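Asks: Take a look at the letters that make up each chain.
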Amino acid sequence: MRFGLFILLLSFCSCRRAPESEPTDVSYRVETIRLPEGLTGETGAIEFLPDGRLVACFLRGEVMIYDPKKEDWKVFASGLHEPLGLLALSESEMLVMQRPELTRLVDTDRDGKADLFETVTDDFGMTGNYHEWNYGPVRDTAGNLYIGLNTASEYGIVMPEVRGTLDTTLVPGKPLQKFAAVPYRGWIMQLKPDGSIHPFASGFRSPNGLVIDDLNRLFATDNQGDWVGTSVLYEVKEGHFYGHPASLLWKEGWGRGDPSKLPVRELEAMKTPGSVLFPHGIMAASPTQPVIDRTSGKFGPFAGQFFIGEMNQERILRVMLEEIDGQLQGACIPFLDGQGLIKGSNRMAFAPDGSLWVGHAQHGFAGDLGIQRMVYTGRAPMEVHAMRLQKDGFELTFTQAIHDTVSLNSALFRLRHYYYEYHLKYGSDQFDVQPVPVNRIDISSDRKKLVLVLPEIKAGYIYELTLPGLVSDAGTGLENKLICYTVNRLVE
Amino acid sequence: MNNYFKGGYFSAVLLPAFLIIRFIPLSGQVPADTLRIQIHAVSGMQYDLVRFAVNPGSWVKLVLANTDDMEHNLVIGRKGSREKIVAAALALGKDGPAAAYIPIVEEVLHSIQVLKPGEADSMVFRAPRSTGVYPYVCTFPGHGNIMYGAMHVTNGVMPRLAADLHVPEHRRKSEEYHHLKQRPSGHPYTLVPPYHYRVLMPDAGPAAIAVCLSKDLAYCWDAGACRLRYAWEGEFLDLTDYWTIKGELHAKILGTVFYRDQSPFPLRLGHPDSIPAVKFKGYRLIRGYPEFNYLLNGTEIYEWITPVEKGVGLVRQFRIREAGRPVWFVHGSGDGVVYQSDKGQWAENQLKLDPKEAAQFTLTMIKTGQ
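Respectively, the protein sequence lines represent chains A and B. Note that the first sequence covers residues 24 to 515 in the numbering used here. Note that the second sequence covers residues 46 to 415 in the numbering used here.
I should point out that these hints are in silico values taken from the structure, not numbers from a laboratory. Remember, predicted model here, so these are calculated numbers, not experimental data. Possibly wrong hints are sitting among the right ones.
[Said to hold, decoys possible] Computed from the model, here is a short list of chain A residues facing chain B with C-beta under 10 Å:
(1) 87
(2) 90
(3) 103
(4) 490
Ideal Cβ positions, reconstructed from N, Cα and C, are used throughout, including at glycine.
Whenever a hint applies, use it, and build me the whole structure from the sequences.
Replies: Now the structure itself:
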């Protein structure tokens with residue numbers, strides 16, 4: 024590709040949404056948003072302005088604003104370096120996380136295009152290794168920003184010149200593992216309103232998805248690979264370590280050399296467990312950004328729950344959390360599986376109208392290009408609304424009453440447990456895969472709740488439940504039948 | 046088959062892992078004339094070898110080495126069965142990992158289990174007696190619609206690659222695997238100079254900014270080092286490789302570098318030998334040209350770079366409002382340009398400006414020999 028002399032085109036093609044049908048037998052319909060001609064639809068970030076316009080970053084450097092009413096795209100900025108995160112403060116001011124810096128983009132002359140690119144922070148190292156992507160920022164109620172800094176890949180390079188102090192203790196990753204040759208790769212950083220930056224939590228491999236929930240808790244996903252047996256959602260707390268040792272090299276006062284050489288048991292004892300694990304190749308292979316349903320029902324019956332993107336399959340995930348004995352844990356279940364969503368769901372954002380928009384990417388991985396949105400049709404879905412751990416089993420709450428409870432047979436509920444090992448080697452097999460018998464099923468009087476009574480429940484296991492084809496009173500079949508619950512703590 | 050290893054020296058790290066080759070036990074003898082096929086699973090979710098030809102009924106030993114950074118398998122199927130196999134693999138659901146994502150359907154002929162990064166495995170099989178095209182595909186969820194190739198069972202030759210509809214469209218250009226080539230520019234607008242790109246550049250730190258000043262003039266500014274690194278004449282950049290896979294390759298300079306800053310650091314505050322500590326504060330676009338803003342020992346510098354009106358060269362307009370001390374601009378020797386300034390006193394390769402002059406001065410750099 025050669026860039027020569029060109030003529031600047033300020034107008035774009037008329038960008039219309041794909042034709043919509045209104046099927047009445049689905050609870051959600053998927054629409055594809057038409058991108059401007061010529062754009063490579065590798066979506067790095069999406070967010071909505073309060074007026075309903077979408078701001079989107081694309082990996083070839085554009086920040087664009089889409090007006091859904093006019094179906095019109097405009098360029099806000101260009102030339103950025105793999106922007107993968109966005110916090111739109113207003114139509115004229117945005118924070119963009121790009122590879123080298125967190126940058127404040129300002130349209131000072133109000134011509135619709137950014138003209139000022141201020142560095143908010145570049146106080147982190149970079150080696151030029153492809154895997155050193157950066158994520159965020161997300162903002163808590165105190166105004167602190169959080170950004171995630173990927174580790175470097177053993178399959179990538181370290182450039183002759185790097186930014187930041189170079190420590191080759193773990194370079195180039197012998198044995199094969201991700202590394203952190205410069206500070207603070209593998210960390211989530213906190214930027215205080217006074218502009219200071221603090222290493223907040225360590226142990227991340229590839230935290231491609233940060234979110235702050237309504238209780239001001241920070242969450243991050245991480246991706247299966249070395250030291251990450253299966254992909255995971257963490258609640259991220261200050262000072263905690265989340266398992267990938269490379270980052271420990273930059274822990275204040277670290278004087279123990281290569282952290283990956285520490286006994287695994289010692290690292291495991293330091294490690295904070297994930298809140299929800301996503302069984303690899305079953306639920307997800309590469310989870311991305313979590314968003315929280317704050318639509319008060321506009322997006323259906325899942326208010327307050329997490330939706331999380333997934334790169335490899337034509338679905339996203341839904342996550343149900345609960346706190347047991349001070350530890351978050353819960354269940355994950357596919358959402359909109361094979362119903363028109365394409366792969367590569369990298370970024371998500373709820374529009375003011377309650378639709379959930381998805382920006383897709385592939386960037387050399389499994390995935391796809393473009394932007395879609397999911398719209399709730401108002402037809403109540405038949406889904407597991409919540410899965411909760413009880414002292415002697417699991418309680419399942421459904422979005423609608425189960426019609427035929429007479430024929431419910433515990434033998435139809437296929438349950439098994441397994442765990443993933445924490446180790447250097449890439450990924451993990453499933454260990455101690457065992458079927459778990461369901462002793463009894465209790466049904467609530469409103470037929471919306473089932474309790475599966477089990478002979479025994481073990482902490483540290485994933486319980487994978489395959490439900491039978493339950494049908495609601497309205498005749499709606501259960502949409503997603505595979506649900507996985509991560510048991511960190513037992514109910515005493 | 047081309048050597049795909051990216052980092053060069055990383056291949057030395059990878060190779061020992063390939064020695065863990067497991068042979069499928071066979072009943073009977075494998076003939077000496079067994080055809081050996083080596084396939085790598087490579088970055089960008091591709092098999093480096095996108096097709097190969099075998100004679101009907103001949104013996105094949107296929108070695109799969111996973112040099113990518115994620116898991117891959119390889120399944121050979123009956124003619125025309127790729128999509129069905131991929132769908133059956135996805136339908137395995139929770140049973141996928143245990144089955145190595147290989148479905149038990151009659152279309153599957155041979156398979157190599159899921160390999161983790163750095164692993165290799167092989168299988169020996171007899172090619173079908175019926176001529177035709179047998180697909181091979183990675184059935185890991187999400188990979189099957191882009192990561193595949195074709196085994197041509199034939200007594201003749203394979204069709205022209207460009208006309209081979211059994212390989213992914215973007216692989217029909219070259220027998221060798223190069224990175225997935227993307228369509229031109231990939232932007233929803235036409236680029237008109239001046240414009241800039243944040244990309245990985247050669248001979249600079251990783252936080253670089255490439256600025257296209259005109260159709261035949263460009264420079265590289267280093268936001269990590271807070272300095273102009275080099276300038277070139279000719280076309281701007283070839284970003285084909287850079288945009289292809291995961292952003293791990295440099296942009297390629299299409300023109301000829303005529304200027305390269307050879308000094309330890311050009312601006313000095315207070316003393317001509319004082320190399321300042323730097324901090325990058327960002328840039329503002331003025332008529333499309335970036336004006337860089339950075340701190341040298343805490344003193345704010347603005348630097349706006351535009352092309353000279355005639356010939357080949359750069360005009361650097363500096364603003365150092367709060368210098369408070371003399372400012373030196375020191376250049377190396379043999380950096381390819383002739384310097385002029387509108388203020389200050391030159392002494393060999395040092396320009397000295399008093400604080401008042403430093404508040405606003407212009408340095409012009411003309412390519413040597415013009």
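Asks: Determine for every hint whether it applies to the structure shown.
Replies: For each hint, the structure was consulted:
1. Annotation: interface hint on residue 87(A) holds; nearest CB of chain B at approximately 7 Å, less than 10 Å.
2. Because the smallest distance between the Cβ of residue 90(A) and any Cβ of chain B comes to about 15 Å, over 10 Å, the interface hint for this residue is violated.
3. A least Cβ separation of about 6 Å between residue 103(A) and chain B falls short of the 10 Å threshold, and the interface hint therefore holds.
4. Using the Cβ-Cβ criterion of 10 Å, the hint placing residue 490(A) at the interface with chain B is not satisfied: the shortest such distance is roughly 12 Å.
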